[in-house]
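S.K.: Residue numbers (my numbering), protein chains in the order written: chain A, 1 to 267; chain B, 1001 to 1052; chain C, 2001 to 2222.
Bear in mind the hints are in silico, worked out from the structure with no lab data behind them.
It is possible that part of the hints are untrue.
[Unchecked claim] Pair ranges (Cβ atoms, derived):
hint, chain 1, residue 1, chain 2, residue 2, range
1, A, 195, C, 2043, 33 to 39 Å
2, C, 2085, A, 244, 26 to 32 Å
3, C, 2032, A, 246, 28 to 34 Å
4, C, 2082, A, 89, 36 to 42 Å
5, B, 1024, A, 71, 54 to 60 Å
6, C, 2025, A, 261, 54 to 60 Å
7, C, 2032, B, 1016, 46 to 52 Å
8, C, 2029, A, 245, 41 to 47 Å
9, C, 2082, A, 246, 37 to 43 Å
10, B, 1027, A, 195, 54 to 60 Å
11, C, 2029, B, 1027, 44 to 50 Å
[Claimed, not checked] Only pairs whose alpha carbons sit at most 20 Å apart, straight line, appear in this in silico SDA-like list of lysine to any residue:
hint, chain 1, residue 1, chain 2, residue 2
12, A, 51, A, 154
13, B, 1048, A, 246
14, B, 1048, A, 249
15, A, 29, B, 1020
16, B, 1048, B, 1034
17, B, 1042, A, 245
All values reported here derive from a predicted model rather than from experimental measurement.
Quick reminder that beta carbons are idealized off the backbone N, C-alpha and C, glycines included.
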Amino acid sequence: MTDQTSAAPAGTADTAKPVAMSTSSRGTKALGLLTLVSAVFTILYSFWFSKADVELGNTVRILYVHVPTVSIAYLCMLVNAGASAFYLWKRTAFPDLLAAATGEIGVLLLGLTILAGMMWGKPTWGTFWEWGDPRLTSTLLLFLMYLGYVTVRNIPAPRSARNTRSAVIGIISALLIYPVKMSTEWWGSLHQGRTISAPGASKIHGAQEFALYSGFLTFMLFAAWLTIHRFRVGWLQDQADATELDAVIADRRAEAGAEQFGLGEVH
Amino acid sequence: MIAQQIQNGEAWTYVGITWGATAVVLGGYVLLILRRGKALSKRVPEDKRRWM
Amino acid sequence: MWHDVWLVCRKDLRIEARTRVTLNHVAPFVLTVVMLFAFALDADTTLLRRATGGLFWVTVLFAANAIAQRSASVDRPDGLPDALRLSNLSPAGMFLGKTLSLFLQLTATELVLAVAMVLMYDVRLRGIALILASIPLGTLAIAAVGSVYGPLAAGLQGRESILPLLMLPALAPVLLAATNAFGVAFGTTVGPGWRWVVMLGMLGAIYVAAGTATSAALLEET
């Protein structure tokens, strides 16, 4: 997965390959290609090969985005929860970076889920929002919770403290996924809410079914690709901060050393 | 018949917005991440650039 | 551990007794909110009466934010976080102690709020059992969340604005459940009220468990 080669031994000058100048690698390039291919299939099936739904009309094509994004978002949140818990246990970099990546990507996907839901609602229900719909309401709540996660993650703080705080927020938010779903469903049923539903299992078949599953695959591959890149960016950020901190400390020590010997300011 | 056509047109607007926004948001995020990756790679010494 | 719980709780309550922040700041705030809602809803008594459950719990959430903020900040002065870390107090005990103290302060506030609402919104008390069951359970859940996120936010820049962003979405299920329990009690909603109470209990259990489990990690870092 990496292009990294060990540092060239002295005397062999420029024979070593230059190490990663970006977060790409052979693995991500392959994954990216797969994603693109899958995306092409998804788009073809969503728009060309599948017909408008008997009940939902062309708005069903919105569901080919709405349903996969929410499912993959949930997957991201579960990975985030597992990684956060593992971080609190082992305190290693990998789970923390994985949590950061999946948290951010999950928020993005949840936001898109909400948008797609609203776009589905207007032509179908006549309004952009329907409080009685559990899927919309629970997604909104989870979106806000994970927005809090991402916000706290980005507040400047000592690394260990930041990671711990974020991990706790991630775990609590994940623990709330089920209660949120349950409470919004109970609440929704009180208001006889109209709900978003994908064409029922018995009715969906053929090209529609393929479009939906292909959508799942596309978003999953895409999320995986994004996660790897975002993970690497997180790693680089931490390394950059540490490197620069070391440099500042070294400078300061040099100054202090020089002052000690009465050499005045060292530049 | 016309009402049906208008409704159809309306549906396509929302389908368009959904897919368009998805492409723009995700595409934008991809570019952001890739750019940040490149910029950060420059600031980090070679041997520390990858987790593994 | 239970000794630590009581120790921490007593410490916080003593501080409150001495400084009277909840009494002097939060209680008037709560009364002000009762008034504001009346203005916002155009003193429509029927509407106010129907909305009492929701307005009550929303106000409790606002008060909880203030009290949690305050409760976390008493532990921030120089040297205190380290002193607490080095003391032999169990982290779980400290978390539960803070939760208990928050619970008690919040309950006192709710008492003031309830009296004000009954009088000013002309509420007809019904379904007392449901109300009396949902209040402590809802308050416990709110107190637990405040005890986790309060100290967590207290160490951050922009802590006054980040605490509500963290607390309120996490407490939304509590708001849903508690408001509906009240709604059933007052007769403004239909359905089995007791299953909302069960949900409140479940939420409280989750928050308390999560807070206890993460207390050690948070104490070390923040």
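S.K.: Quick one: which hint numbers does this structure break? Sort them smallest to largest.
M.R.: 3, 4, 5, 9, 10, 12, 15
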